[in-house]
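**Student:** The chain contents come next:
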Amino acid sequence: MGCNKCGNDYRAVSGAYDEYFKSSQHPHTHIEPIVSYLLEKDFSALLHLQQTSEHLFRKRGVTFNVYHHEDGIEKIFPFDLFPRIISSKEWTVIEAGLKQRVKALNLFLNDFYGPQEIIKDRVIPKNLILTSKCYFTKLQGISPPGNVYIHIAGIDLIRLPNGEFCVLEDNLRTPSGVSYVLQNRLMMKSLFPDLMETQNIKPVDSYPLMLADALASLSSTTDQDLCAVLLTPGPYNAAYYEHQFLAKEMGYLLVRHDDLDVIDDWVYVKTAKGRRKVDIIYRRIDEEYLDPEFFRADTLLGIPGLMRAYRLGHVVLANAPGNGIADDKAIYTFIPAMIRYYLHEEPILKQIETLLCNDAAQLDHVLQHLDRYVIKRVDASGGYGMLIGPQSTREQQLEFARLLRLNPRGYIAQPLIELSACPTLQAGGLVGKRVDLRPYVVTGKSTWVLPGGLTRVALEENSYIVNSSQGGGSKDTWVLATEGAL
Amino acid sequence: MKYRTLYHGFWMQRYLTRTLMEARILKVYQTYHLDHPSILRYVKEDRALFIGNIKKSRDNCLLVRDMICDDVWYQLNELWLWASSNEAAEVGIEAFCDNILTHGHLIDGLFEDTLRRDEFFHTLKVGKLLEKMMSLCDVLLQFLQQQDIPEQSLIVLESFHAKDSFCKLYHRKWNAQHVLRYLIGDALFPNSMREEMTTLENSLHFLGVSYPLSLAALLQQLDNDGSLVNLTSALSSVQQQIEGLGEYLAVEHFQELIS
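Protein sequences appear in the order of chains X and D. Per our numbering, the first sequence runs over residues 455 to 940. Per our numbering, the second sequence runs over residues 28 to 286.
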């Protein structure tokens, strides 16, 4: 191998599956030509390219908003040049597993807000589901157009030390990050045009149109008259860049709550040519803020009457309100059972063993071994509200013990899994950093999975946290259409 | 198209044009070493003011980014990143203004080339013309107060990109009367007040905005009065019309539509 160049002195993560190397100095067979190409590059040239990418992201305004940050509000999502590469064979399994999972989750939501057979059949404990903070009783009996609840799912996967992919969590409400997938690919095309040309990598740029088509397929309006909007909380939202990007790419109007109103149970957008009836709302606002008449009365971001229009099938809301019940981390435990129950199939993708803290015996076990587990709030995201036991202090453990006793239903525990690692360019050399993968699953009349997804990297030393708000970065994710030669 | 989009587009263009006009005037001032204290009241080497206006333009641009081509955003964002950088703080004022003008002209060209001639385009046009006409009124009024200083003919011409055009007509034999007539009343020069007023009226008509504007008194005065002294009140009246229109659009028109 050409490790005398940038690959020289590569520091892998001990005990983790390495995304590039099957053993010291020996790359996985399917990516050998790509690894050779990258590692033959001069280290300083790569560092220069890295700086170029930062400059270009900043110039293009590919940012996310972080408050109280020393560099200002707008921050770029750190990008690493070394792509994460997935073979076509691996992807075939992932894709099938994701479709299976989302199909089962969608059937679950239809069942849960309908006849609740799964509860009657005691596949999921009634008390667990009805005590979810994400459960809104008012949604009972409301069916979304086409019976699709989960139009966009971001399913977080990790790769175990044995190389197998498994599901870490499901994001079924307003999953974000897809704009970085598209921007990362554009960046790689700019920085490594010769490499990109010679590799048969599955494209990602059709995502906005695939999503727009999927949502249009659920609307009762014909394409010619269709009016679709992307509802954003506004420019101060962390993901505002993404909202703009997707609105533009999908051909949607970007709107805020006060651009919309509801008249006679139909939703309208105020335009310079008068009011126009809205058929589809791609919402990037949490459901509890959507409509003060239906959810929280104190919301300042809501559209009064929106849920009346939705109930009557006058507008498609993506994602449908009510999905939170299915991505509650306590419910996650029962997803394999859901797959068996609804589809009569074995789950294709495995998931992490999870302890439910509302079970007295399991809580007791967790409390005695807080230093072994990762404790997560069932309704949190972004890497917040969690304790990584093996890396925590005694004080942090005591604080979490108090929280667990106070609200056991609000937490789950999982063993700390060694995430796979991918070579990442750092000032001191090439270093293995832990990664996860968020593929995006789009559902309309049919289901489609964006090839690859967002690979997030834990850039901090020894960190397991990949979230952008907590020092994480990202990489381009390549799904090889064929295991090709350079 | 949402009203909010029009509103933010309007202010994006106004702050951008304001920045460009001030950079242009300041650059001319610097280039010709025109140091008469009263020559232009707003010629200040206040970079914070420039950066503030660029930021306001960019902040508004951020809110209409889904409506414009990426290159416009890149140029404006890059200008802001540069203007607020240490590198910009260290260059001379002329180079500082030059960079603003380079980006600004690119953005202007991109708008002309890439926008559909719809409400958004005409709103931007109105924002731009308002600022340009305000700036021209300011400069001309200053000029009228100091008409015995010949260099001021030059600065007025340079500031509005009129020198070359003017000289083709008048063979470099400028005088105050010629300069004023040209910049106010020439029917073929795009930066003349008459041309801008016509374009402004067209855009307002497209947007369905009815607001009384007229140059008639000023033009008549210009034809009648060779001494130029009595032009001041007619020009002030035009200035009031333009400022009134700016206030009406910003305070009443867009707010009313949004609410």
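A hint or two may mislead.
Some but not every residue of chain D turned toward chain X, in silico, with C-beta under 10 Å [stated by the list, open to error]:
id : residue
1  : D86
2  : M94
3  : D97
4  : N104
5  : E105
6  : L142
7  : E223
8  : M224
Heads up, simulated BS3-like pairs for lysine-lysine below, C-alpha to C-alpha not over 30 Å straight-line [as the list claims (entries may be wrong)]:
id : chain 1 : residue 1 : chain 2 : residue 2
9  : X       : K513      : D       : K159
10 : D       : K54       : X       : K724
11 : X       : K529      : X       : K656
12 : D       : K159      : X       : K529
13 : X       : K529      : X       : K543
14 : D       : K200      : X       : K580
Chain D is nowhere near these chain X residues, computed Cβ spacing over 10 Å in every case [said to hold, decoys possible]:
id : residue
15 : T546
16 : K702
17 : L707
18 : V709
19 : D713
20 : T725
21 : A726
22 : L809
23 : D833
24 : Q845
25 : Y918
Derived by calculation from the structure, the hints in this document are not laboratory data. No experiment lies behind these values; they were computed from the predicted model shown. Note that CB positions come from ideal geometry on N, CA and C, so glycine has one too.
**Student:** Work down the list of hints and note, for each, if the structure agrees.
**Tutor:** Status of each hint after checking the structure:
{"no.": "1", "hint": "D86", "verdict": "holds (8 Å)"}
{"no.": "2", "hint": "M94", "verdict": "holds (8 Å)"}
{"no.": "3", "hint": "D97", "verdict": "holds (7 Å)"}
{"no.": "4", "hint": "N104", "verdict": "holds (5 Å)"}
{"no.": "5", "hint": "E105", "verdict": "holds (5 Å)"}
{"no.": "6", "hint": "L142", "verdict": "violated (14 Å)"}
{"no.": "7", "hint": "E223", "verdict": "violated (24 Å)"}
{"no.": "8", "hint": "M224", "verdict": "violated (24 Å)"}
{"no.": "9", "hint": "K513/X with K159/D", "verdict": "holds (28 Å)"}
{"no.": "10", "hint": "K54/D with K724/X", "verdict": "violated (43 Å)"}
{"no.": "11", "hint": "K529/X with K656/X", "verdict": "holds (29 Å)"}
{"no.": "12", "hint": "K159/D with K529/X", "verdict": "violated (35 Å)"}
{"no.": "13", "hint": "K529/X with K543/X", "verdict": "violated (36 Å)"}
{"no.": "14", "hint": "K200/D with K580/X", "verdict": "violated (93 Å)"}
{"no.": "15", "hint": "T546", "verdict": "holds (35 Å)"}
{"no.": "16", "hint": "K702", "verdict": "violated (4 Å)"}
{"no.": "17", "hint": "L707", "verdict": "violated (7 Å)"}
{"no.": "18", "hint": "V709", "verdict": "violated (7 Å)"}
{"no.": "19", "hint": "D713", "verdict": "violated (5 Å)"}
{"no.": "20", "hint": "T725", "verdict": "violated (5 Å)"}
{"no.": "21", "hint": "A726", "verdict": "violated (5 Å)"}
{"no.": "22", "hint": "L809", "verdict": "holds (45 Å)"}
{"no.": "23", "hint": "D833", "verdict": "holds (31 Å)"}
{"no.": "24", "hint": "Q845", "verdict": "holds (37 Å)"}
{"no.": "25", "hint": "Y918", "verdict": "holds (33 Å)"}
In summary, the structure is inconsistent with hints 6, 7, 8, 10, 12, 13, 14, 16, 17, 18, 19, 20 and 21 from the numbered list given earlier, while agreeing with the others.
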